[in-house]
Amino acid sequence: GNSVTQMEGPVTLSEEAFLTINCTYTATGYPSLFWYVQYPGEGLQLLLKATKADDKGSNKGFEATYRKETTSFHLEKGSVQVSDSAVYFCALAGPSNTGNQFYFGTGTSLTVIP
Amino acid sequence: EAQVTQNPRYLITVTGKKLTVTCSQNMNHEYMSWYRQDPGLGLRQIYYSMNVEVTDKGDVPEGYKVSRKEKRNFPLILESPSPNQTSLYFCASSLLRGRNSPLHFGNGTRLTVT
Numbered sequence: 001g002n003s004v005t006q007m008e009g010p011v012t013l014s015e016e017a018f019l020t021i022n023c024t025y026t027a028t029g030y031p032s033l034f035w036y037v038q039y040p041g042e043g044l045q046l047l048l049k050a051t052k053a054d055d056k057g058s059n060k061g062f063e064a065t066y067r068k069e070t071t072s073f074h075l076e077k078g079s080v081q082v083s084d085s086a087v088y089f090c091a092l093a094g095p096s097n098t099g100n101q102f103y104f105g106t107g108t109s110l111t112v113i114p
Numbered sequence: 001e002a003q004v005t006q007n008p009r010y011l012i013t014v015t016g017k018k019l020t021v022t023c024s025q026n027m028n029h030e031y032m033s034w035y036r037q038d039p040g041l042g043l044r045q046i047y048y049s050m051n052v053e054v055t056d057k058g059d060v061p062e063g064y065k066v067s068r069k070e071k072r073n074f075p076l077i078l079e080s081p082s083p084n085q086t087s088l089y090f091c092a093s094s095l096l097r098g099r100n101s102p103l104h105f106g107n108g109t110r111l112t113v114t
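Chains as they are written, first to last, in the numbering used here: chain A, 1 to 114; chain B, 1 to 114.
It is possible that part of the hints are untrue.
[As the list claims (entries may be wrong)] Straight line, CA to CA, 35 Å or less: simulated DSBU-like cross-link-like pairs of lysine-lysine:
{"id": "1", "chain 1": "A", "residue 1": "52", "chain 2": "B", "residue 2": "71"}
{"id": "2", "chain 1": "B", "residue 1": "69", "chain 2": "B", "residue 2": "18"}
{"id": "3", "chain 1": "B", "residue 1": "17", "chain 2": "B", "residue 2": "71"}
{"id": "4", "chain 1": "B", "residue 1": "18", "chain 2": "B", "residue 2": "65"}
{"id": "5", "chain 1": "A", "residue 1": "60", "chain 2": "B", "residue 2": "65"}
{"id": "6", "chain 1": "B", "residue 1": "17", "chain 2": "B", "residue 2": "65"}
{"id": "7", "chain 1": "A", "residue 1": "52", "chain 2": "B", "residue 2": "57"}
{"id": "8", "chain 1": "A", "residue 1": "52", "chain 2": "A", "residue 2": "68"}
{"id": "9", "chain 1": "B", "residue 1": "18", "chain 2": "B", "residue 2": "57"}
{"id": "10", "chain 1": "B", "residue 1": "18", "chain 2": "B", "residue 2": "71"}
{"id": "11", "chain 1": "B", "residue 1": "57", "chain 2": "B", "residue 2": "71"}
{"id": "12", "chain 1": "A", "residue 1": "68", "chain 2": "B", "residue 2": "17"}
{"id": "13", "chain 1": "B", "residue 1": "17", "chain 2": "A", "residue 2": "56"}
{"id": "14", "chain 1": "A", "residue 1": "56", "chain 2": "A", "residue 2": "68"}
{"id": "15", "chain 1": "B", "residue 1": "71", "chain 2": "A", "residue 2": "56"}
{"id": "16", "chain 1": "B", "residue 1": "57", "chain 2": "B", "residue 2": "69"}
{"id": "17", "chain 1": "B", "residue 1": "57", "chain 2": "B", "residue 2": "17"}
{"id": "18", "chain 1": "B", "residue 1": "69", "chain 2": "B", "residue 2": "17"}
[As the list claims (entries may be wrong)] Label-pair distances were calculated between CB atoms; the ranges are:
{"id": "19", "chain 1": "A", "residue 1": "28", "chain 2": "B", "residue 2": "56", "range": "12 to 20 Å"}
{"id": "20", "chain 1": "B", "residue 1": "53", "chain 2": "A", "residue 2": "46", "range": "25 to 33 Å"}
{"id": "21", "chain 1": "B", "residue 1": "114", "chain 2": "A", "residue 2": "10", "range": "25 to 33 Å"}
{"id": "22", "chain 1": "B", "residue 1": "69", "chain 2": "A", "residue 2": "55", "range": "33 to 41 Å"}
{"id": "23", "chain 1": "A", "residue 1": "46", "chain 2": "B", "residue 2": "9", "range": "18 to 26 Å"}
{"id": "24", "chain 1": "A", "residue 1": "3", "chain 2": "B", "residue 2": "56", "range": "18 to 26 Å"}
{"id": "25", "chain 1": "A", "residue 1": "13", "chain 2": "B", "residue 2": "71", "range": "36 to 44 Å"}
{"id": "26", "chain 1": "A", "residue 1": "54", "chain 2": "B", "residue 2": "69", "range": "29 to 37 Å"}
Calculated from the structure, these hints are not laboratory results.
Nothing here was measured: the structure is a model prediction, and the numbers come from that model.
Every residue gets a Cβ at the ideal spot worked out from N, C-alpha and C, and that includes glycine.
Make a model of the complete structure from these sequences and hints.
This is the structure:
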């Protein structure tokens with residue numbers, strides 16, 4: 001079956017530090033992969049996506065590369081800001097007989113301190 | 001503006017008193033879904049719908065009902081709420097076809113059942 005595993009938090013970093021949040025997946029077929037971000041008191045927003053192997057998704061300085069050989073989609077940012085403090089969710093969308101079905105990781109809370 | 005709108009944002013109720021959380025999207029999406037978010041458990045799918053009059057159970061459907069009479073609306077109904085349904089609920093929608101289609105989320109409904 002399909003599933004997503006992401007590193008547990010919480011993660012606390014100083015401003016301008018390098019960020020990595022690990023995400024690995026199990027899937028049948030060829031899923032699309034996503035990172036969502038949830039700011040305090042808000043719903044989840046799409047951060048970036050990749051739809052096939054070796055694709056790199058990027059947005060707002062965040063990047064993630066779809067690695068089929070390691071079944072991973074790690075999120076990275078070179079220099080985090082206080083405004084990046086949020087919960088990050090890795091997700092996959094796998095085709096099924098009736099359309100896409102989404103699977104989410106448990107989320108990783110990030111706090112960036114000045 | 002393309003959006004998913006949930007109401008209410010906050011709801012406090014007592015055990016056994018029927019309630020409905022509304023969800024509406026203006027993007028003409030076929031797929032709609034309800035999730036609950038609990039600490040340490042991430043997002044769990046309650047019910048989803050592939051189109052009008054087509055609904056199916058997700059991972060945690062017990063105690064919930066849904067209906068899809070119109071494409072834009074997907075209300076979540078708790079016929080007899082219990083304290084274990086205290087949670088943060090999210091409605092989401094997406095285009096059905098194509099693995100590139102991300103989920104769009106509402107801002108959430110925080111439900112407390114006493």
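Each hint tested on the structure:
As the CA atoms of residue 52 (chain A) and residue 71 (chain B) are separated by approximately 30 Å, the hinted pair is consistent with the 35 Å bound. Distance hint between residue 69 (chain B) and residue 18 (chain B) is fulfilled; the C-alpha atoms sit about 20 Å from each other, no more than 35 Å. A threshold of 35 Å between alpha carbons decides the hint, and for residue 17 (chain B) with residue 71 (chain B) the separation of about 27 Å falls inside it, so the pair holds. With a C-alpha separation of about 11 Å, the suggested pair residue 18 (chain B) and residue 65 (chain B) falls inside the 35 Å cut-off, and the hint holds.
A C-alpha spacing of about 38 Å is found between residue 60 (chain A) and residue 65 (chain B), which places the hinted pair above 35 Å, so the restraint is violated. For the hint pairing residue 17 (chain B) with residue 65 (chain B), the CA-to-CA distance comes to about 14 Å; that is within 35 Å, so the pair holds. For the proposed pair residue 52 (chain A) and residue 57 (chain B), the alpha carbon gap of about 29 Å is at most 35 Å, so the pair holds. Restraint check for residue 52 (chain A) and residue 68 (chain A): satisfied, since their Cα atoms lie roughly 8 Å apart, inside the 35 Å limit.
Of the pairs offered as hints, the one joining residue 18 (chain B) and residue 57 (chain B) holds, with about 20 Å between alpha carbons and a cut-off of 35 Å not exceeded. A threshold of 35 Å between alpha carbons decides the hint, and for residue 18 (chain B) with residue 71 (chain B) the separation of about 24 Å falls inside it, so the pair holds. Restraint check for residue 57 (chain B) and residue 71 (chain B): satisfied, since their Cα atoms lie roughly 18 Å apart, inside the 35 Å limit. A C-alpha spacing of about 49 Å is found between residue 68 (chain A) and residue 17 (chain B), which places the hinted pair above 35 Å, so the restraint is violated.
Restraint check for residue 17 (chain B) and residue 56 (chain A): not satisfied, since their Cα atoms lie roughly 48 Å apart, outside the 35 Å limit. As the CA atoms of residue 56 (chain A) and residue 68 (chain A) are separated by approximately 12 Å, the hinted pair is consistent with the 35 Å bound. Restraint check: the Cα-Cα separation between residue 71 (chain B) and residue 56 (chain A) comes to about 34 Å, which is no more than 35 Å; the hinted pair holds. Under the criterion of a C-alpha separation no larger than 35 Å, the hint pairing residue 57 (chain B) with residue 69 (chain B) is consistent with the structure, at around 17 Å.
For the suggested pair residue 57 (chain B) and residue 17 (chain B), the alpha carbons sit about 23 Å apart, so the restraint of at most 35 Å is met. Distance check on the hinted pair: residue 69 (chain B) and residue 17 (chain B) sit about 23 Å apart at the alpha-carbon level, within 35 Å; holds. At roughly 19 Å, the beta-carbon separation of residue 28 (chain A) and residue 56 (chain B) lies within the given 12 to 20 Å, and the hint holds. Between residue 53 (chain B) and residue 46 (chain A) the beta carbon distance is about 28 Å. The supplied range of 25 to 33 Å therefore holds.
About 29 Å separates the C-beta atoms of residue 114 (chain B) and residue 10 (chain A), a value consistent with the hinted range of 25 to 33 Å. Roughly 38 Å separates the CB atoms of residue 69 (chain B) and residue 55 (chain A), a value that falls within the hinted 33 to 41 Å. Range check, residue 46 (chain A) to residue 9 (chain B): about 21 Å between beta-carbon atoms, so the 18 to 26 Å window is met. Checked against the hint of 18 to 26 Å, the pair residue 3 (chain A) and residue 56 (chain B) passes, with Cβ atoms roughly 19 Å apart.
Checking the proposed 36 to 44 Å range against residue 13 (chain A) and residue 71 (chain B) shows it holds: the Cβ atoms sit about 43 Å from each other. Our hint of 29 to 37 Å for residue 54 (chain A) and residue 69 (chain B) is violated, since their Cβ atoms are close to 43 Å apart.
This entry does not satisfy hints 5, 12, 13, 26, going by the numbered hints stated previously.
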